[in-house]
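These protein sequence lines map, in sequence, to chains A, B, C and D.
Residues 1 to 426 in my numbering are what the first sequence lists, from first letter to last.
Residues 1 to 426 in my numbering are what the second sequence lists, from first letter to last.
Residues 1 to 426 in my numbering are what the third sequence lists, from first letter to last.
Residues 1 to 426 in my numbering are what the fourth sequence lists, from first letter to last.
Misleading hints may appear alongside valid ones.
As the list claims (entries may be wrong) - Cross-link-like lysine-lysine pairs, in silico, DSSO-like; alpha carbons within 27 Å at most:
1) K97(B) / K89(A)
2) K68(A) / K97(A)
3) K46(A) / K97(B)
4) K12(A) / K97(B)
5) K89(A) / K34(B)
6) K36(A) / K89(B)
7) K46(D) / K374(D)
Please keep in mind that the hints were generated in silico from the structure rather than gathered at the bench.
4 protein chains.
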Amino acid sequence: MSTIKELDSTLKVFEELESEVRSYIRSFPVTFEKSKGHSLWDQDGKEYIDFFAGAGALNYGHNPPLLKEQLLRYIAEDGISHSLDMGTKAKANFLTKFHEVILEPRNLNYKVMFPGPTGTNTVESALKLARKVTGRDSIISFTNAFHGMTLGSLSITGNSFKRHGAGVPLQNSVSMPFDKFLGTNVDTLDYLERFLEDNGSGVALPAGIIVETVQGEGGINVAEEAWLKRLADICNRWEILLIIDDVQAGCGRTGTFFSFEPAGIEPDIVCMSKSISGYGIPMAITLLKPEYDVWDPGEHNGTFRGHNLAFITATEALEYWKDDNLSGEVEEKGLKVGEFLDQLVREYPQLQGETRGRGLMRGIACKEEGLAEKICEQAFERGLIMETAGPDSEVFKIMPPLTITHNALDTGLAIIEDSIKMCIQK
Amino acid sequence: MSTIKELDSTLKVFEELESEVRSYIRSFPVTFEKSKGHSLWDQDGKEYIDFFAGAGALNYGHNPPLLKEQLLRYIAEDGISHSLDMGTKAKANFLTKFHEVILEPRNLNYKVMFPGPTGTNTVESALKLARKVTGRDSIISFTNAFHGMTLGSLSITGNSFKRHGAGVPLQNSVSMPFDKFLGTNVDTLDYLERFLEDNGSGVALPAGIIVETVQGEGGINVAEEAWLKRLADICNRWEILLIIDDVQAGCGRTGTFFSFEPAGIEPDIVCMSKSISGYGIPMAITLLKPEYDVWDPGEHNGTFRGHNLAFITATEALEYWKDDNLSGEVEEKGLKVGEFLDQLVREYPQLQGETRGRGLMRGIACKEEGLAEKICEQAFERGLIMETAGPDSEVFKIMPPLTITHNALDTGLAIIEDSIKMCIQK
Amino acid sequence: MSTIKELDSTLKVFEELESEVRSYIRSFPVTFEKSKGHSLWDQDGKEYIDFFAGAGALNYGHNPPLLKEQLLRYIAEDGISHSLDMGTKAKANFLTKFHEVILEPRNLNYKVMFPGPTGTNTVESALKLARKVTGRDSIISFTNAFHGMTLGSLSITGNSFKRHGAGVPLQNSVSMPFDKFLGTNVDTLDYLERFLEDNGSGVALPAGIIVETVQGEGGINVAEEAWLKRLADICNRWEILLIIDDVQAGCGRTGTFFSFEPAGIEPDIVCMSKSISGYGIPMAITLLKPEYDVWDPGEHNGTFRGHNLAFITATEALEYWKDDNLSGEVEEKGLKVGEFLDQLVREYPQLQGETRGRGLMRGIACKEEGLAEKICEQAFERGLIMETAGPDSEVFKIMPPLTITHNALDTGLAIIEDSIKMCIQK
Amino acid sequence: MSTIKELDSTLKVFEELESEVRSYIRSFPVTFEKSKGHSLWDQDGKEYIDFFAGAGALNYGHNPPLLKEQLLRYIAEDGISHSLDMGTKAKANFLTKFHEVILEPRNLNYKVMFPGPTGTNTVESALKLARKVTGRDSIISFTNAFHGMTLGSLSITGNSFKRHGAGVPLQNSVSMPFDKFLGTNVDTLDYLERFLEDNGSGVALPAGIIVETVQGEGGINVAEEAWLKRLADICNRWEILLIIDDVQAGCGRTGTFFSFEPAGIEPDIVCMSKSISGYGIPMAITLLKPEYDVWDPGEHNGTFRGHNLAFITATEALEYWKDDNLSGEVEEKGLKVGEFLDQLVREYPQLQGETRGRGLMRGIACKEEGLAEKICEQAFERGLIMETAGPDSEVFKIMPPLTITHNALDTGLAIIEDSIKMCIQK
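Okay, chain A solo, but in the shape it has when bound (with noise of 0.2 Å):
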């Protein structure tokens, strides 16, 4: 190893001093130091479009103004920072606005949960809640569902690689085929009612079905409503806990708070992370409905589970819950954006696209191999961060924050069009 005189460049910081697991650094090989709203700024000053958002932890966009003013006033005013769980005036005023502002207006009757500041935590206080509940041991999750990296999320996430890095067998966990898993003329929850009824179908009642609507990192698969709506039902009738992970799709992604409420769903647990906290900083909540509130103090916990700084970005976030102004401007946002990629794949059909989406959670699917890729690696030389998803990265994926302007906006899709020529041409 080389003497840290040496390490003059940044990047050879990441090289010699950070683990192998580093990931999104080789997609994106520069050092950033700024951000603000759409925009972050690498450290030689270059600016590049945000169409990432921190894979959904940004939706407000980077460093939101009102959010971060109440930040700066909360820390120097020596505020709670670390509190576990014990009371806090900032986690009252959140509890108290959340409940306003989103459960009350949507009849949502749910007590909230903090398990800890990460989307794998509130997936796997789920996960004990429902088994404690029903007394069962097995989850249903779906494929190409994205729950989370500790054994028990990993054991309902059904990327291979992922699952392979556990390094033991993954247990308690059926994978049911996702809407339209087997092709659009198939519903697939004919299936999992098939195996749910038949005594010898070798897979037990549940305690639990954990779903995304619109699954994220496992290719922008979206869940019909009218999917939704009987998997619900399904749950309902054999008294089945409905989980609805929300850490990716919820928050506004998709246009109203809760992906789930187009599908005029109530789920039994919901989890929240990402964009929850408003400001890119660590922050989860699991809602549950209160008749399944059968915790004992303490059963679960966790060290950052009362993070007060991020209980005020929080807090403030909710303000854009208010009205439907962003809700609305999600829906323009998205329309274009589908509109646009709709017309990619009828003007690129070397693409062999297929649009998918849902509200500003949007992607092509390209048939040949490495092809999202490549088009992400123009992109990001001309200034777009862009992501791929998919078990085979086979789509890429525009998730820009919410807040975005509609110059940037077209900017973005501008230079992915560029991006796509420069692919296909090669």
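Got chain A; can you put chains B, C and D on it based on the hints?
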């Protein structure tokens, strides 16, 4: 449920809106609002001395001024908040300074992995890596270990209540007796070795052995240096990866930066979190010997593995380790607390107390069921925040910020003595 | 408990001294004493025609004369009874004759393993071997499969009541839909393949796929030849070991010695038991392709893997396979039974019956809950032993000895029709 | 492969047609043809004295005359061979006589279950029942335990080679140190209790504890009576089911019918197989206290749970237990063997031997690697069949039929001494 209007008391907020899983708020039934150094204030302005320090997440006290300053500046300048594992200047600075200030002076050679921002994330990453490196399944952990609440970490955690919360059998782990678990006359590693060497023992050669040098949650149980050295020898001889979980005992809690330094061992993997950010905000790192850095890119990931606000405070916190001042202070204060506790045990035989601990991680195990909890309760009424540990909450635990003033330390200790007197009288 | 003196009735013996787990005695509440060919007699001398044949363990009828003669001679001459896996002349003779009469004429090349004397022993050995050969963990089995009651076999058995009996979650297996599980229009192997080919499906590449060509316990479900061929192709393409569990369908039950012969496939492993000894006494063999014979000596063992009395009768039983006579008989009788059942379905629409089966493994699935059981009950009263199958015991199952006379077969079928009439009237 | 024509030597038959998993034939490379009492003859007419007795399956010797007579008569009269769990006269007679001769005189009250005809079947049934009765998951077993090769039994077997054969991690079991595993000065039950009583031990309260009073395969390790008594007390105190696996040590091998009689304990479940049929043919029973007979009908089943030929010989074998003659003989011969072994240890210090055992289940553990195997090899050349035991095959094991003549016993012992001399010289 009452309407929000009626929720005038903040405690009522928690009762009505937060899940029953909340725990510490039941021991400390107030709403905290502000904190600084070794003190917290509730919303009525009452001050509390903190002998809990966020369960070890606040080693440098609440809102340490220099860290706060850097944090405010970084936020004000729109430094990047969230970056997944992209390269950022904040991360590069942390990596460089951690290498210079911590690793190099100790002749330690580790790659740094960012596994997600909590203790259980780093532990889960360590388990995966040990399994990948060795191709083996099981992990040996110790009685009364606490490693986290997600399924992998829970499988190596001793506490039966927490384990039961999993709702499924926990697998691929074997629990062995921690130092002195079988009394002071038994070297429990004889037992461990016997199991390893006998081909019929029913205990397979494990991928790794994970251990806390001082078990915090488990009851302030201290592993002797000789025991740790022998454990390291055993791991070396059998080609088992030695994983030190320094989440609670690290970052100076026992006097040295790493808790294992006095034992003179070099673990293969080190798990750190809690006080690594220095500001009570979520961050974790996994240190691994370069020869074991066999991760594929992205094989373990997580949304909040790039929490740059934490990188900023963590980098500044390393200033504490540029000289021996803090270590010296911890030693001095630790001895003071230790002597005080010894004296309590002598003077109050009704405690049937046993003094435990190292550095500023101390406590007394009380024989009578419920006594330690009562003492904490009394202490809280007198303005001291202190918690219990151990499988039956039988230990009251003294873990103030390392930076506590001698004055406050003395005041806190006096409160403890008063509380004991009160409890014993009853 | 009454004293032994009072136990005058033999049924009382079972009630008082045998565990509640006993099962068939509840359907056939008499004490049997003697048997020959297709008949049993109870201790009162009443004769019963046997349409059950020991659940497929008595394909050549009760106490077939030539086997009986060999058995008596061997015992009389003090042939070795028990030999573990030492070499005995009885075993050598079986191995040689099995090779000559069964394997060579079919151009099959298998090594023979003696895994212990029961069906579940051979299945457990097959699972171990598939895992060892491939280094993979999981096994794919099918809905309504029945493979045995020990933990490994149970994990690939579909029946929820049996699975629940394990008392622990069953692991390392995935249940896929058997042929026609999703209706006659769906090729369920499309589904299986979709899961194998998608890297995000959550279903890992398995070590092996285990299948019964006709599911006996599962409800006399027949896999089509084309389905089996395609399954073999899939296994071949993905380098998955194909395991045929021929415990019930083998030894001529469907007409050919191996049930998979008509499909023209060559499984990698074949599990046989039940009728392999030919005399209803415990014996099992596992056939494996020589290239997969990677066992270490003694890696799988068992006290009764050398049951020489069974080797004697099994060797003699191979005489049935020196020509095509028996196969021809099974075909002829099978067709007769099939036509009779079709006719029943037509003539008794109240059955809402569905004819199932192949060879002399036939039955009718009745829609009305409990109807099949009632028919069996009536049949027993009329001197016919017949049992149900299927996850809800909805199929009455016709499995007489292959050697049954046409006369007895006709009598038995007539009893069934009478029983149906009786049940429908009620 | 050679054509069948060329397979003139019977050993060649095994090499070419049988799987590599075969084991004992490698220690005893001949083909056996006949057996009687304590003798076997190979096909060349050479006689061997049997100090192995089918690993405990031939306690009454090969083909004991009275049993043979009953067996021949029953077969000749067309007694029922195979009956699943229907009622048969043969089973009724066994149940009644077992109750009268074995249970009543010992004041034991057990229901009898027929779990399938092998040791691993009875063990798997015991595990299921313990889990059902208690609602708990895990089973505690002991170091160097051997309980069988199917997945449930394998999970509680100590041998690492056998365990590894599973190909998947073995679960829901905890291995605790058997008596004297940690040396003669350590009461290993202190250790077990410490784990049970500490709520943070990581070892859950188990459903059952399963133990062999003398570990046969594990190295002829004897549990002291006091240790067994204390174990029974522990089980009673913690409401854990005590399961005695008497498959090898039962049926008189240690002098009494049940091996646990001298300890004066009453297990909740007893597993028996091997010599229960008395003729070396497959049979097993599970004894359970009536209050634990909570099985649903058919919850555990198996094709060969009604092996009536075995019931016939097993019933006749009970004649041995109508008086104390056999017990007395075992004691006498056992003492003779024990003294002889003690003398060997004294006279041949090169053995570095340790005498082990009880009744006619004896042996010497030799320190030098491979020595015990060499002694067995030499003994075989001299006409004695003897095997090794222990995790490293370090024990040569003396387990003749209980009915061996003093003459043959002396001859066998003399062969052992000769073999030792030969091995030591080398």
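The hints, checked one at a time:
no. : hint             : in the structure
1   : K97(B) / K89(A)  : violated, 35 Å
2   : K68(A) / K97(A)  : holds, 18 Å
3   : K46(A) / K97(B)  : holds, 26 Å
4   : K12(A) / K97(B)  : holds, 14 Å
5   : K89(A) / K34(B)  : holds, 9 Å
6   : K36(A) / K89(B)  : holds, 16 Å
7   : K46(D) / K374(D) : holds, 21 Å
When each numbered hint is compared with the structure, a violation occurs for hint 1 only.
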